[in-house]
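Participant: This is what each chain is made of:
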Amino acid sequence: MKKIRIGIVALLAAFVMALSLAACSSQSSEPAEEDTSTPAATTEESTEAAATNLTILYEEDDSLINTYSLLAVNPDAPFVDADGNEVADVAINSEGAAAFIDWMLSDEGLELIADYGMADFGESLFTVNDDAPHYDGDIPQATDETKAIRLSTTTSVNDSGLLDYLLPYFEDEYGYEVEVYSAGTGKAIANAESGNADAILVHSKSQEEEFVTAGFAYTLPGFDSERLSFMHNYFVLCGPADDPAGVADAATALDAFAQIADGKYPFVSRGDASGTHTKEISLWPEDLGITTEADSVADYTDWYTYSNAGMGACLAMANETNAYILSDKATFLTFEANGGIVE
Amino acid sequence: MLTAFEEAIALLVSGDEMLTNIVLVTLRMSIASSLIALAIGMPLGTALAMGRSKIVSALVIVNRTLMGVPPVVCGLLCYLMFCGVGPLRWLQLLYTVEGMVVAQVLLITPIVAGNMESYVRGLVDDVRETARGIGLSRVRTALLLLGECRYQVFTVYLIAFGRAIAEVGAVSMVGGAIAYKTNVMTTAIMMYTNRGDFTLGIALGIILLLMFLTLNVAVSIVQRNVAR
Numbered sequence: 001m002k003k004i005r006i007g008i009v010a011l012l013a014a015f016v017m018a019l020s021l022a023a024c025s026s027q028s029s030e031p032a033e034e035d036t037s038t039p040a041a042t043t044e045e046s047t048e049a050a051a052t053n054l055t056i057l058y059e060e061d062d063s064l065i066n067t068y069s070l071l072a073v074n075p076d077a078p079f080v081d082a083d084g085n086e087v088a089d090v091a092i093n094s095e096g097a098a099a100f101i102d103w104m105l106s107d108e109g110l111e112l113i114a115d116y117g118m119a120d121f122g123e124s125l126f127t128v129n130d131d132a133p134h135y136d137g138d139i140p141q142a143t144d145e146t147k148a149i150r151l152s153t154t155t156s157v158n159d160s161g162l163l164d165y166l167l168p169y170f171e172d173e174y175g176y177e178v179e180v181y182s183a184g185t186g187k188a189i190a191n192a193e194s195g196n197a198d199a200i201l202v203h204s205k206s207q208e209e210e211f212v213t214a215g216f217a218y219t220l221p222g223f224d225s226e227r228l229s230f231m232h233n234y235f236v237l238c239g240p241a242d243d244p245a246g247v248a249d250a251a252t253a254l255d256a257f258a259q260i261a262d263g264k265y266p267f268v269s270r271g272d273a274s275g276t277h278t279k280e281i282s283l284w285p286e287d288l289g290i291t292t293e294a295d296s297v298a299d300y301t302d303w304y305t306y307s308n309a310g311m312g313a314c315l316a317m318a319n320e321t322n323a324y325i326l327s328d329k330a331t332f333l334t335f336e337a338n339g340g341i342v343e
Numbered sequence: 001m002l003t004a005f006e007e008a009i010a011l012l013v014s015g016d017e018m019l020t021n022i023v024l025v026t027l028r029m030s031i032a033s034s035l036i037a038l039a040i041g042m043p044l045g046t047a048l049a050m051g052r053s054k055i056v057s058a059l060v061i062v063n064r065t066l067m068g069v070p071p072v073v074c075g076l077l078c079y080l081m082f083c084g085v086g087p088l089r090w091l092q093l094l095y096t097v098e099g100m101v102v103a104q105v106l107l108i109t110p111i112v113a114g115n116m117e118s119y120v121r122g123l124v125d126d127v128r129e130t131a132r133g134i135g136l137s138r139v140r141t142a143l144l145l146l147g148e149c150r151y152q153v154f155t156v157y158l159i160a161f162g163r164a165i166a167e168v169g170a171v172s173m174v175g176g177a178i179a180y181k182t183n184v185m186t187t188a189i190m191m192y193t194n195r196g197d198f199t200l201g202i203a204l205g206i207i208l209l210l211m212f213l214t215l216n217v218a219v220s221i222v223q224r225n226v227a228r
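If you read the protein sequences in the order shown, they are chains A and B.
Heads up: the first sequence at position 125 corresponds to 125 in our numbering, and the numbers run straight through without jumps.
Heads up: the second sequence at position 85 corresponds to 85 in our numbering, and the numbers run straight through without jumps.
Heads up, a few of these hints could be off.
Computed footprint of chain B on chain A, listed as stretches where at least three residues anywhere in the stretch have a Cβ under 8 Å from a Cβ of chain B [claimed, not checked]:
1) 81-87
2) 150-159
3) 190-196
4) 310-316
Computed footprint of chain A on chain B; a stretch qualifies when at least three of its residues, placed anywhere within it, have a C-beta under 8 Å from a C-beta of chain A [what the hints assert, rightly or not]:
5) 47-55
6) 197-205
It should be emphasised that the hints constitute simulated quantities derived from the structure, not laboratory data.
Each residue gets a CB set at the ideal place from its N, CA and C atoms; glycine is no exception.
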């Protein structure tokens with residue numbers, strides 16, 4: 001009996017080992033196949049990998065403007081659960097959200113925003129819009145019920161350090177506590193639609209308008225719109241310093257993107273329905289048919305990386321693979337200043 | 001890597017407010033979830049080991065399957081339960097440490113139970129014979145079994161704690177990595193990596209390991225004294 005048992009155990013062990021070996025070898029063979037399918041681009045890449053690093057190549061084009069908006073979540077919004085059933089009693093801290101938005105759009109808030117970045121980068125990371133909505137009224141102090149404000153925002157606002165810099169002024173003066181949840185704009189908005197946020201700060205016009213149309217936002221007293229666009233900066237097109245696609249000399253941002261697509265130069269896309277992702281897909285030549293859906297780029301996998309990751313992860317990826325990438329300027333500058341671009 | 005070590009030490013010495021908060025939240029979350037998981041998983045594992053029916057064998061297999069639940073799946077389930085429109089929204093657990101503990105307990109309990117089951121299984125026949133000889137009840141037999149494998153219980157606890165402190169998928173979904181509230185070591189490392197601050201990320205990783213090392217030393221000392 002004992003011998004049989006040992007035999008069975010040995011057989012099992014051999015089976016597991018064979019399985020893991022098979023798994024390993026199939027993994028290692030995959031990239032090899034990919035290598036052969038992309039001829040010119042990859043060889044160029046590997047010889048120059050050490051020479052170049054990610055840098056801003058194209059910026060300040062009107063089509064690259066990146067506008068941020070604040071929206072207060074409507075407590076009577078048509079919330080539905082995962083099965084599509086209506087949910088009525090969703091807890092939203094409307095008063096706290098109103099106080100936060102009022103403060104952001106007060107003289108104090110707007111001046112602080114305009115000043116952010118001067119100390120560390122010698123330039124402002126965000127510019128207050130000329131026609132930014134403005135609030136002059138009083139802002140109530142926090143009470144126990146209104147104290148905790150849930151802000152759903154995009155990674156670019158959070159990762160650039162803007163909120164870390166702004167919030168202490170607001171919290172110390174009025175006694176609120178702003179809990180910041182940050183994700184790509186698509187996810188940040190979905191989070192609010194699930195009733196997990198009192199206010200959102202995002203940067204994707206089309207997605208914001210859908211949010212308003214669906215009834216998830218409402219107009220705060222003293223303002224004339226649900227969607228309060230108040231600041232902007234610019235997206236920047238980054239790539240390897242030697243710029244093989246020559247985008248630095250392109251006449252417009254659209255030309256720059258067309259050059260990348262024509263030459264099939266590697267490009268890293270966020271692929272996560274974020275504000276940056278929606279801006280990027282609006283810049284490709286229309287006949288490519290690139291949308292936020294992954295299957296729209298199925299034919300371009302030899303040069304287009306649909307990464308589904310945050311801005312920082314994508315910047316690191318672009319830096320490693322000598323790829324072009326669209327980033328908001330604030331995140332790029334912070335990422336670079338923190339040493340994220342490893343040469 | 002050397003700069004990361006220096007930064008880790010500098011951070012620890014500086015008593016940075018943000019770091020202190022992250023460490024405290026991490027400890028609160030990991031200790032609470034591992035202890036609760038131990039309290040549920042230990043009796044559960046012992047019961048599974050003592051049972052001889054077909055149902056119990058099936059339950060053992062179910063438990064072993066649950067040991068392999070991907071943390072993100074568990075996190076997603078908890079998110080859907082606790083979120084503003086979820087069926088358990090009245091508990092108000094989303095983006096709280098308590099919510100993270102719930103997700104972690106769901107993840108870790110099967111691991112504790114599975115490990116206990118396999119330890120106890122090795123002793124159960126001998127102990128049961130002894131217990132029958134001196135006429136012990138079932139509950140007392142179970143207690144005797146637990147006493148017999150007290151040395152292993154500490155190891156199981158370390159596995160549970162290690163899992164709790166190192167986990168990122170579930171806690172980032174349920175906790176939301178909110179600064180000064182639910183940001184733990186692992187989610188903070190993710191955040192700093194996304195900001196391009198790799199050195200600070202590694203520094204936090206080193207601090208995380210140091211915390212686990214300290215706990216390991218403490219538990220190992222107690223384990224030796226208790227199990228002798």
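Participant: Does each hint fit the structure? Answer for all of them.
Facilitator: Status of each hint after checking the structure:
Here's how the region 81-87 of chain A fares: 3 of its residues keep a CB closer than 8 Å to some CB of chain B, so the rule of at least three is met and the hint holds. Requiring three or more residues with a Cβ within less than 8 Å of a Cβ of chain B, the coverage given for the region 150-159 of chain A holds, as 3 such residues are present. Counting residues of the region 190-196 of chain A whose C-beta lies closer than 8 Å to any C-beta of chain B gives 3; at least three are required, and the coverage claim holds. With 6 residues bearing a CB less than 8 Å from a CB of chain B, the region 310-316 of chain A meets the requirement of three and the coverage assertion stands.
Counting residues of the region 47-55 of chain B whose CB lies closer than 8 Å to any CB of chain A gives 0, so the stated coverage by that chain is violated, three being the minimum. With a threshold of 8 Å between beta carbons, the proposed coverage of the region 197-205 of chain B by chain A holds, since 4 of its residues qualify and at least three are required.
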